[in-house]
Amino acid sequence: KAGVTQTPRYLIKTRGQQVTLSCSPISGHRSVSWYQQTPGQGLQFLFEYFSETQRNKGNFPGRFSGRQFSNSRSEMNVSTLELGDSALYLCASSRDTSYNEQFFGPGTRLTVL
Amino acid sequence: AQSVTQLDSHVSVSEGTPVLLRCNYSSSYSPSLFWYVQHPNKGLQLLLKYTSAATLVKGINGFEAEFKKSETSFHLTKPSAHMSDAAEYFCVVILYNQGGKLIFGQGTELSVKP
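Top line first, the protein sequences correspond to chains A and B. So the first sequence is numbered by the working numbering: it starts at 1 and just counts up by one. So the second sequence is numbered by the working numbering: it starts at 1001 and just counts up by one.
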């Protein structure tokens, strides 16, 4: 069974731009969660989607948004990029709820210049 | 509030010696706890999980952890370190009262010397 895939793996953007990251969960998994990882703040929860609905949300500004499609694939979008948005963005999928084991993708490394 | 604290940001051991990575948690109810490992440029992999069954939990790659309620600890151990164990390790608590949100500790970087 294929694991969680994230595209692209690396991105370089400039301040003020927007970016869209994609995550394909493991086949049969319906829950997708997103995390931001930075050296200073560590791993922080962004949001979780289940059956195309946002089920849970972390403490991030409205510039961070996401969505989930009927095939469970998910995208997250960051608008008006700031230097502090430079981070590794990780996606994780689980079968039904995030209570179950979450399987992580390799991440997308976003650099904002 | 529920949280986890990893007591060491960096641990260095020699190959073949024991590994101890420390984690304390705070929770107003019986928590579920996990240890994840992250190798460089890779995603996180679940090592083991505690969900109120046996207090001694065995995971992959020879790792185990013991849940001690009296000490609010969930330390990760391995009897004999291998070079391939060098990675960052995260202790994680799940917040059932917040829809299953995961809260990560700050991480412990494990170095293994030959």
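No lab work stands behind these hints: they were computed from the structure. Computed from a predicted structure; not experimentally measured. Hints may be right or wrong, so weigh each one.
To be verified - Straight-line C-alpha distance at most 25 angstroms; calculated BS3-like pairs for lysine-lysine: (1) A/Lys13 x B/Lys1042; (2) B/Lys1101 x A/Lys13; (3) B/Lys1069 x B/Lys1113; (4) B/Lys1101 x B/Lys1049; (5) B/Lys1058 x A/Lys57.
Point to revise | Violations among the numbered hints | key: As far as the earlier hints go, 2, 3, 5 are violated by this structure, in ascending order.
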